[in-house]
Amino acid sequence: MRKSKALLFEMGRSGRQGYSLPSCDVPEKPLDELLPQKMQRSEPPDMPELSEVEVIRHYTELSTRNFGVDTGFYPLGSCTMKYNPKVNEEVAALPGFACLHPCQPEETVQGALELYYNMEQRLKELTGMERFTMQPSAGAHGELTGLMVIQAYHRHRGDHKRNKVLIPVTAHGTNPATVTMAGYEVVQLPADERGNVDLEALKEAVDDTTSALMLTNPSTLGLFEEEITEMARVVHDKGGLLYYDGANLNAIMGYARPGDMGFDVVHLNIHKTLSTPHGGGGPGSGPVGVKERLIPFLPVPLVDKKGEQFYFDYDLPDSIGKVQSFYGNFGVVVKAYNYVCMMGAEGLKQVSTDAVLNSNYLASLLQKTYTIPYDRLRKHEFVVSAKPEKKKGAGAGDIAKALLDRGFHPPTVYFPLIVDEALMTEPNDTESKETLDAYAQAMEEIAKDIDKDAEKVAAGPHYTVVGRLDEVRAVRNPVLRWEKE
Amino acid sequence: MDFNVIEGLKYTQQHEWARQEGDTAVVGLSDYAQDKLGEIVFVELPDIGAAVEAGKSAAVIESVKAVADLYAPVDGTVTEVNETLLDQPELINQDPYGEGWVFKVEVKDESQLNSLMDKPTYEEFIIKEEEEE
Chain A
1 MRKSKALLFE
11 MGRSGRQGYS
21 LPSCDVPEKP
31 LDELLPQKMQ
41 RSEPPDMPEL
51 SEVEVIRHYT
61 ELSTRNFGVD
71 TGFYPLGSCT
81 MKYNPKVNEE
91 VAALPGFACL
101 HPCQPEETVQ
111 GALELYYNME
121 QRLKELTGME
131 RFTMQPSAGA
141 HGELTGLMVI
151 QAYHRHRGDH
161 KRNKVLIPVT
171 AHGTNPATVT
181 MAGYEVVQLP
191 ADERGNVDLE
201 ALKEAVDDTT
211 SALMLTNPST
221 LGLFEEEITE
231 MARVVHDKGG
241 LLYYDGANLN
251 AIMGYARPGD
261 MGFDVVHLNI
271 HKTLSTPHGG
281 GGPGSGPVGV
291 KERLIPFLPV
301 PLVDKKGEQF
311 YFDYDLPDSI
321 GKVQSFYGNF
331 GVVVKAYNYV
341 CMMGAEGLKQ
351 VSTDAVLNSN
361 YLASLLQKTY
371 TIPYDRLRKH
381 EFVVSAKPEK
391 KKGAGAGDIA
401 KALLDRGFHP
411 PTVYFPLIVD
421 EALMTEPNDT
431 ESKETLDAYA
441 QAMEEIAKDI
451 DKDAEKVAAG
461 PHYTVVGRLD
471 EVRAVRNPVL
481 RWEKE
Chain B
1001 MDFNVIEGLK
1011 YTQQHEWARQ
1021 EGDTAVVGLS
1031 DYAQDKLGEI
1041 VFVELPDIGA
1051 AVEAGKSAAV
1061 IESVKAVADL
1071 YAPVDGTVTE
1081 VNETLLDQPE
1091 LINQDPYGEG
1101 WVFKVEVKDE
1111 SQLNSLMDKP
1121 TYEEFIIKEE
1131 EEE
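Protein chains in written order, with the numbering used here: chain A, 1 to 485; chain B, 1001 to 1133.
Watch out, some of these pointers could steer you wrong.
Unchecked claim - With the C-beta cut set under 8 Å, the calculated list includes, among others, these residues of chain B facing chain A:
{"no.": "1", "residue": "E1039"}
{"no.": "2", "residue": "V1041"}
{"no.": "3", "residue": "V1064"}
{"no.": "4", "residue": "K1108"}
{"no.": "5", "residue": "P1120"}
To be clear, the hints were calculated from the coordinates, so they are not data collected in a lab.
Think of the CB as a built atom: it goes at the ideal place given N, C-alpha and C, for glycine as much as any other residue.
Can you make the complete structure from the sequences, with help from the hints?
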């Protein structure tokens, strides 16, 4: 086991330095002449004093402790931690993209605008929506933008009664947070025994105060909402709109489109589905798409085309305004656009085929040892319930730690809340059968270890850089700043 | 069963308990619910004087695993809150039916309180819920 590493502040020696500057070639002046006394510090700052090689070794060593898609299997449910092709990075680093300044005049950034325009056409085709904004920085930002567009639509019609948003119990945690941020009240919908939204409960909950139904399809259980068109009809009949959380789009590309299911607003997490780094590895991007009647309310500017010229269209008097200082995380859109172009329509369909195949294959292996509630054909992910293992003494969190010991990133744990001791597992389209087999074997071994000595499993991890962290103390008494003893 | 359910309290399907004290009811989280949530790290209390509605969120409980709403068991007005929980949220884990109480509410309609589950009914409810999954 490697030892926990000292901080830079705890290393080095007084007087050591990693650089030597040439002597000053302008006359020096006393500090008092340059800065008033009260702005000078009484003693020099206590900075670490290190040589260059010490600093390099420190950070290189830390970098080897990262776990990412490039180092191992990362089945973090609903996060779509697929492999991101390196050519995406090369394209985004082309100077024509990377060296742009957001304040450049339109005629000098025609290529960038064309890319946005073309990306919008492809996202429209992928989702069945009619216009997109690329501004939102990530999924949750997209959610808020989408809800604000819905709010603007209702208000524009003079419909001020709609103060509630319906959310199923299987929703992502960001959904209720977004609803609250947008000033709405959350109404939670239960699931039926097949894991669908309970249609009868939906019918009862919808009325003339319903602004929208917010839904992820397939859900966090990895299940496709079987009654989606009927659900859309029920909500639309009462004047409400349908919001599609695109977090799980990786399951249905080329097979089904939110626009065809009846959704009015969609956000995509292109940093998940369309392969750009995320989860601590880079910024996200959450484009929002809408149907015709909502276009006037989208954020400004939209990118449009007049003859052969691309331009920013600010002429949307009913727009909710800007939701980002400039035009979105451009580099991320470049990477995703590159991916979409490389894959093509057939390729993206194959992505979803493989994501669903991998998920069902892995679930079938794990089912020999573990309980997977809502047993029907799954989409891109599935949820194991470690409830029986918990009764033996080691639950979902302990299994997650045991996976760390075996070199795997754990699934999402304790979510969705509808499944007790949940391990939400999303194997993705980019993993091989060998990797899935190895993971299934590790899970089987962990189950055996729990039967043999649950206490040992519950005390893990045993082979990582640090052992079990005290999560309770970290929350109750966080130490966020190093202080000299 | 591993969970402590005590006599004389009323229980909801969302695992709150209520104890009648004259016109008011003391409200907290059941032992079963605190065990499910795991170690509690943060509690958001209602304002004194706030109107709460049966089945609607009145407080928020955050554990290392999840954030959960605590629903009001009855309609009424909040008369007192357990401010000790702000510094010691773990009291809900340690003593859910005693020092871990969350708030007190002036009961509008006593029949709402009477319609909640008693000890044997709640125990059956938990057993059923455990078997379902």
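Do the hints match the structure? See the list:
The beta carbon of E1039 (chain B) comes within 5 Å of a beta carbon in chain A, closer than 8 Å, and the hint placing it at the interface holds. Hint status for V1041 (chain B): holds, given a least beta-carbon distance of 4 Å to chain A, under 8 Å. Interface hint status for V1064 (chain B): upheld, as the beta-carbon distance to the closest one in chain A is roughly 5 Å, under 8 Å. With a least beta-carbon distance of about 21 Å to chain A, the hint placing K1108 (chain B) at the interface is violated under the 8 Å criterion.
Given the 8 Å rule on beta carbons, the hint for P1120 (chain B) is violated: about 23 Å separates it from the nearest Cβ of chain A.
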